[in-house]
Every structure is written in C-alpha cells, then in structure tokens.
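Visitor: Between the sequences and the hints, there should be enough to build the whole structure, so can you do that?
Chains as they are written, first to last, in my numbering: chain A, 1 to 217; chain B, 1 to 410.
No lab work stands behind these hints: they were computed from the structure.
Hints should not be assumed to be uniformly reliable.
Stated by the list, open to error - Here are the in silico distance ranges between beta carbons for each label pair:
| no. | chain 1 | residue 1 | chain 2 | residue 2 | range |
| --- | --- | --- | --- | --- | --- |
| 1 | A | S27 | B | L133 | 54 to 60 Å |
| 2 | B | D47 | A | G23 | 53 to 59 Å |
| 3 | A | F179 | B | E177 | 17 to 23 Å |
To be verified - Calculated pairs, DSBU-like style, for lysine-lysine (alpha carbon to alpha carbon, straight line, at most 30 Å):
| no. | chain 1 | residue 1 | chain 2 | residue 2 |
| --- | --- | --- | --- | --- |
| 4 | B | K289 | B | K19 |
| 5 | A | K120 | B | K213 |
| 6 | A | K211 | B | K213 |
| 7 | B | K213 | A | K209 |
We put the CB at the ideal spot given by N, CA and C, even for glycine.
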Amino acid sequence: MLTVAIAKGGLLKDSIRLLQSIGLDFSAFLESGNRQLQIIDPNHRARALLVRNSDVPVYVEYGQAQLGIVGYDVLRETSANVSQLVDLRFGHCRMSVAVKANSGYRSPIELPLHGRVASKFVHCAREYFQNLDLPVEIVPLYGSVELGPITGMSEAIVDLVATGNTLRENGLIEIDVLFQSTARLIAHPLSYRLNTYGLHSYVEEIREKVKPLVESR
Amino acid sequence: MYQPPIGGRDLLPLDVAQKRWIEDRLQQVFDGWGYHRIITSTLERLDTLMAGGAIQRSTVLQLHNLDDEVLGLRPELTASIARTAVTRMAGATFPQRLYYNANVFRRAQEGSHSRQQEFYQAGVELLGGGGLLADAEILLLTIECLNNLGLRSWSLLLGEAGLTRSLLSVFPSGLQEKVRMAIAHLDRLTLESLPLSEDLRDRALLLMDLRGKPADVIQKVSTLDLNATQQETVDNLKSLIDLLQDSLSLRSDQSFALPIVLDLSIIRTFDYYTGIVFEVISGPDSGQKVLGQGGRYDQLLGQFHPQGQSIPGIGFSLQIEHLHQVLLQMGQLPTQAPPSDWLVVAASPQAYAIAFAHAQKLRADPGQVELDLSGGDREAIQAYARSRRIAQIAWVGVDGIPTIETLGEE
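Guide: Structure below.
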C-alpha cells in the first residue's frame, strides 16, 4: 500500500489538508489526544506515517514510505538521497544567520576568525561558512539556539526563521539569509522510477492542486 | 575484548550455508551458459581501480606497500577483469565468457547510514561481444539467475547510457553537468529552477520522466528530433526488447509479461557505461532493493590495453547480501546448517582405530560422518546427537561390528 511520511509540527495541518484535497484523509492525526503513529485512510488507498521532521527523508530514502512531505531545510541539512518533486508552497521560512543586535556585526564576514556559531543545522552552517571561506567553529545545539549569543557562548547562530519574532524578543537580528525554505513533496527514487503503487498519479494530482496557487499570485 | 572492525562481519556456519545455497544456484546458471570462473587479486593498484572513471578515490579502502605505492581493496571486479583480460589473456580468442564470485570493499561514506565495508558479489563479464545478441544474452542470463533462485517479484530497469548522454548534449555546456546531476537524482525542483529557455526546460523535464512501458517510451523518444545515431540506438533498443520477449515466450506456454521498465533517464553521476544499463530491483514487499546491476562498457578495455585497442564488453553483478535478505524473507533459504549423517562412537580406547576406519567407510557412501570425542555415557551421547540432528549413531566395539542406532524425531 502506498505510504506517505508526514512531519509532526508546523507542516502537519497543511500536509493533511493537501492530502485531503486529493482524497487521502489522514485528519485523524489532528484529533486531540491522537497517539497513533500510522493511519490508513478510510478508503484503504494509502497509509500515512507520522514522524519527526528530520525522519521524513529517512523513511523515504529507505523506501518504507514512497512519498513524503518535509521542509527544504531538512533536505538541505540531511542531503538524503530522495527525489524532490513538487514545491508545495506552504511552510515558508528561511535559514538565517543572526547575531546580537548590539554586537555591531552587520555582515557574516565581519564575524571574528574562528568565532563560534551555534546551530541545529550544522551541515548547512558548515557549508555556508566554508563557501565564505570563513573559518568558524560550529557548535551543535538541539534547541533554543538563541541562547548561544545571549550567554556569550557563540557570536552568531544559524537557524530557521519564520516571522522573526523569536529573534526580536531575544535581542537578535538577522544579518544574512542562507536560503528560503518551503515544504516539498519527495519520493523514494526507485519507487518513482517503477511507479510503485501507482504513485505517479498522486504526484500529478498534488502538482495540479499546488499549481493554481502559483498562478493566482 | 577483541571485536571485528566497524563494518566487518563474520559469517557463521548457517550464514555460510545460506550464502552457498545462493552461490551454488548462480554458478549452475553461469556454468550452463558456458562462463568460466576467474579469480583476480583482492588488492589492486589504485590507478587500476580508478582507470574506468566510475570509482572515486574516497570510496576505496587504501593500503600502502613497501614502495609506497597506493593500493586499494577492490570495490568491484570489472576493472580487475578488464585489466587481466587485455594483459594476461592477450592472444586469447574472443568472446571470453567469465564469471566471478568474490568479496568487494567499499569505504563507508560520510552521510551514509551503512557502515558495512565488505560485500559479496557474483557476476559475469562477456568480453569481445558487441551488439544485440550479446546484450540479449546478458539480460536473459540475468533473468535466468533470478529464476533459478526462485525469485518471483522483481523489476528490471533498462536504460541506454549512450543515448541518454547524447540527449543531454542539447543543453548549454555550462549547465549540462547540473542537468545531468539533477536528472541522475530525479531532482525535478532543481531542473525547474535552472536558467534554461522554456523549450530546454521542457526537454529536461521530459528526459527526467522518460520511462515506463517500453513501447510507450520508444514512441515518446521518437517524437524528439533524433539524429541518425540516436535513431539507430532507439531501433536497437526496440529490437532488443522484442528479442527478449520472444525468447522468453518460446520457453514457456503461457505468455510472460516481462517486468521491464524502459528508463532513458538512467544516468549515473560516475560510470563507464556506453550502451545499455540495467538494474534489477526486488518487489515492494521486500523493500525494493537493488539486487544487481550491469551494462555495456565498450571503452573500458581500451583503457587497460597496452596499445589502447578497444574491445567491447558487457556484464552484470548481483549483490549477494541483498539476494540473501530477500530470499530469507521469502523462506527460500535453509534455516539450519546441514547436520551430519552419522555419529561414530568408540566403545573403548581399544576401539579408536576401528572407529576411525568405520567412519571412513561410511564417508565413502557418501555421507557426513563425525566421531564422538566425549567418551561419555550412552544417554549423554544420544542427547548430543539429537541436539545436532544427527540421524544415526554407530556404536563400535573392539570386535569391529558396529551397532546401528537410529534416532527418532523428538
């Protein structure tokens, strides 16, 4: 049975709405008190797995899920071997470099040599500073990265920014954007090649659903 | 405690029995088709391994010899076989039909989840055979291997590296590599974002999805303005698929739908293939593993030939570990190491020589015969034999006349 991996958290509602629009109903995941990790849609056409953001590309790379919905930031960070098929145009955010507003740094190249950068996205951060040819120490953190500059542990952070409220409230400002991110429809490459469980028709339906949004802009 | 190196793996008797079950069936097929086994060196010079352009230095486990020459543990066999075929076997008549069954090594890559470093492969190389007939032989041989293993659910992805490469040549040279990478990774979003004209973008998207039922794909590719060489390649592909289908239908009464997906987007980021390329993939129930892959490499042997003479070649390799996993899941493999047929027990030290002699006589039958080393009491020996699933015990005394005891199932 066709299996779709979907991410807990910010993308969940939009992901479920999108799948509902092509006739796959996994809204049970949204019910309060839901503890199910997998659901089969009422018409028995497909199964959904509810997994952590960064686990979506893993299930898809290994082919346990043929399709997945996940943010581009996660794809960049994990460089998973998955096929990126459709920009779903929700979950807008950006990967940014931020510093303390009163630090005086206004561009990443002003950061001190061998300075410290705290991030949950160590691969993205490392690649970015390597491309700038700026040697820095990347400090991996798993949450509340903003505390890095506040406590003085790091000069800067690389983190995902949606509205910028969290940064502002903590006295940080963005000084550069690494890339923009949105949710993506991804596929297991071999399943895509072999059209396993007829996944092409689902991909095309999703592409059609997303398209009018673009044209109306 | 001493532990195996990370990525190393020991095969215990049952693992070996299962591996041999697979290898025996493959070798039966290879032998039947007139292929001869070749054993090449596990260690090769790094430049040999990399000569074809398909192997990156970072994937090879490297060693240094006394002269500080860089050596590598082979990550595949084709380079080694190409090297030996054009140097050691110079003067041999072609075609050469060779097969191998060997271990290969890959250095664990950063970002890869698998730490396994040693793998087993069985495969063939058909050297000096070009054209339709050799292509068909290799594909039919692959299919025969799968049949002989009892694999029922699989698909064959068939591509044409030469054709795909030539279809990519319409893209501006500055972007060709990006288009190639994006198509290799099925990365549609990157293709859509490249600065290409609308026509070229549509062409790129068409190439990325140029796969499906062979007849449909051939029709689709024929709508592109193909040059004479490309058209000839497409015609050859069509003949190949027809030939495969006809050959398989002649063998069985019921019509057999060949599970082939023609995929003209198959292009690897590194390879030496010049003609057909293919992958065998297990069914979705067994995780769609790549069971084997192969293709035609008409330039590779020239890389190794002292005068640069090019000799066509085609081959494939099967991944024994992946076959093992799929067959185990299907319940095809033996679940226990084969037991001995006999346990020979000497009644007293004076009967040792007689016991050895009797065991030897039983082995001639032929059978697997082991000697009791314990000298323990009768019940303990019977319990041992039962636990090892040995069917019969021969109790041997000094008189030389054995008493046969047949152990029933518990």
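Visitor: Hint by hint, note whether the structure agrees.
Guide: Status of each hint after checking the structure:
Under the hint 54 to 60 Å, the C-beta atoms of S27 of chain A and L133 of chain B, about 57 Å apart, fit the expected range. Range check, D47 of chain B to G23 of chain A: Cβ separation about 57 Å, and the 53 to 59 Å hint holds. Between F179 of chain A and E177 of chain B the Cβ separation comes to about 21 Å, which falls inside the hinted range of 17 to 23 Å. Of the supplied pair hints, the one linking K289 of chain B and K19 of chain B holds, its CA atoms being roughly 17 Å apart against a limit of 30 Å.
Among the hinted pairs, K120 of chain A with K213 of chain B is inconsistent with the structure: their alpha-carbon atoms are about 44 Å apart, more than 30 Å. Restraint check: the Cα-Cα separation between K211 of chain A and K213 of chain B comes to about 28 Å, which is no more than 30 Å; the hinted pair holds. Of the supplied pair hints, the one linking K213 of chain B and K209 of chain A holds, its CA atoms being roughly 27 Å apart against a limit of 30 Å.
Consistency with the previously given hints fails for number 5 only.
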